[in-house]
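*Asks:* Next come the chains, spelled out residue by residue.
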Amino acid sequence: MNDSESIFKLKGIRRTYVVGDEEVHALDGIDLRIDTSEFIAVIGTSGSGKSTLMHVLGFMDTPTSGEMHFEREDVSSIDGGRRARLRSSRIGFVFQAFNLLPRLTVAANVQLPLTYNRDKVDDSRGLAMTALKRVGMEHRANHTPNQLSGGERQRVAIARALINKPRLILADEPTGNLDTKNRGLIMELFASLLDEGITLALVTHDDEVAQFAQRRIRMQDGLIVEDSAS
Amino acid sequence: MNPIADIATGARNGLLEIWANKVRSLLSMSGIVLGVAALVAMVGIVQGMLQNMRASFERSGGILKIEVQEAEAPESQQHIASISPGLTWRDILAIERATPLAEYITPIVDMRWERFVANGRREGGLLHGVTPDFISIQNRELSHGRFISETDIIQKSPVIVLGDHVKSDIFRDFDTAVGQQVRVKGDVYTVVGQLAPVDNSGLTGGRRYNWESRLNFMPATTAMSRYKGSDEVDKIEILAANIQELPDLIAQVENTLTQTHRSIRDFEIVTQEEQLAEMKKLENSFVYSLGGIAGISLLVGGIGIMNVMLASVSERIREIGVRKAIGARSHDVFIQFLAEAVVISILGGLLGLAASVGLLAFAREFIPEGSGINVMPLVAMFYGFLFSSGIGLLSGIYPALRASRLDPIDALRYE
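One line per chain: the protein sequences are A and B, in this order. Note that this note's numbering has the first sequence beginning at 1, numbered continuously upward. Note that this note's numbering has the second sequence beginning at 1001, numbered continuously upward.
If you want the footprint, here are the derived chain B segments under chain A, 3+ residues with CB under 8 Å:
hint: 1; segment: 1015 to 1022
hint: 2; segment: 1317 to 1323
hint: 3; segment: 1327 to 1335
hint: 4; segment: 1401 to 1414
No more than 25 Å apart at the CA atoms, straight line, and that leaves these computed lysine to any residue pairs for SDA-like:
hint: 5; chain 1: A; residue 1: K165; chain 2: B; residue 2: I1409
hint: 6; chain 1: B; residue 1: K1022; chain 2: A; residue 2: N142
hint: 7; chain 1: B; residue 1: K1022; chain 2: A; residue 2: H143
hint: 8; chain 1: B; residue 1: K1022; chain 2: A; residue 2: A108
hint: 9; chain 1: A; residue 1: K165; chain 2: B; residue 2: D1006
hint: 10; chain 1: B; residue 1: K1022; chain 2: A; residue 2: L101
hint: 11; chain 1: B; residue 1: K1022; chain 2: A; residue 2: P145
Some residues of chain B that are not near chain A, with every Cβ distance over 12 Å (derived):
hint: 12; residue: L1027
hint: 13; residue: S1076
hint: 14; residue: A1311
hint: 15; residue: I1397
Don't read these hints as lab results, they were simulated from the structure. Using N, Cα and C, we set each Cβ at its ideal position, and we do this for glycine too.
Turn these sequences into a full structure, and let the hints steer you where they fit.
*Replies:* Here it is in structure tokens:
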């Protein structure tokens, strides 16, 4: 694999929180390379640092130290505006609790990221319908989230993550609130995204879910202790 | 996104949010609604009443008018005060002769309240003896007939000009009272003219008691000879041609009267400047007290909006987290919440303006002297709207700042 195919390169990434007098190293020197169209599962117990890693990869958090490159751009110390821009244009988020806005319709929820995209979009409704079609939810466009089942809500959330054509989708326990059948459907949906050049990283503590991924990274105490790629 | 699109999006989100929380939004708006309605309605009412007062002031000669009244002679002249003949008809003649700057001049021979009898009906009214210039000084209009003429003065004619009040009572069955006869204190007078009704006096009473419409007039000479039996007058009213000549006119009148009164200062010359100053003072005190009240109610409205916005921010912490995660900058969140506050206050302001029109229409109907009230005082409405929007903007800043400063990770974890 050469450089052009890598989407993320992390070197010596640390994220330290100060809690009272104590320093907590949520990430304690992470070296990681993620390539385009990889499907990665990050596993670990709670407190292992997997969520912090997701937040750093999703530009929601900045590392305390270390080097970080995203699509060959040095993003180690970019400002809040640039991070927001990267979040809106390059990253899609899928959460365990779906986090759809209850007052908006399904279509409006899916369109929401376009509101914050700095590039002008002409037909945001059309784009939303395309994204909903992609996850098989176009028939529910005018419903509100509370009229949907958990599995349906997560599919809508995935459509929302897809609408800005992201390079990377980050999913934090995306199947945590779903039953077995829906868990399978969602994971198949995720897997199908890889063909579209999207890179997927999901955090889970469910080993069964992790089996869907090509590459499994296990974290413990802020460090990567196992990486199936290496 | 450009700033205008940001604000448009923010306003749209704000409207959605307001619609989703109708009751809460309405309650938070109520302070602004009441504040704006009170502000505009009170300004409208006060403006209307001041307008009436000003009109009445202008009608009675305005700033150009000076009045000569009898006064106590100074201490040093008390012992010889009796050598002065007092304010008499001779003063009128002297001023007419010696004071070219006096544009119009009339004595007022005040016969106070009198009973007017005709057609088997009787009605009370005020009776003044005046000269033809009176109608020019007081800016009164005739609806029928003529006013008192020079000939009437010379011949001491037994004629009378009736005000609207007496006419419409005694001669209610006639289109005009002109040509009719009316009996006052035993003497018979022919009605030669009838004054047009005066809408508002603004100074006293309601439409039921309008002192200007109760005034009736006869020639000053008739009044003096038939009624008083002396040539004394109660007051002299003089109108200057223009404001520049007013000081000279006062000096001329003073010189003339000093001669006719044999140097006794038993008169005073009163200008309308004092009344005007009083009116200005009244106007200012209205503006300040009303401004204070309206300011306080708008402040309370603003606090209401801030309260609701803070509650709204705490309620929607997770939503803020989601919005930030999918790419909203702090700036976008700030604009969204600020726009919501502004939209609430603008809607409140508009409702308040609508309410104020209703209040003013009501006041116009039911307040005495209310017919001068403008139902849509546009300037006051403009400022009311501007203030309410400004208050919304100010009270939205702090909640919007709080929302925009939330850390997306913490916000998403918030339960």
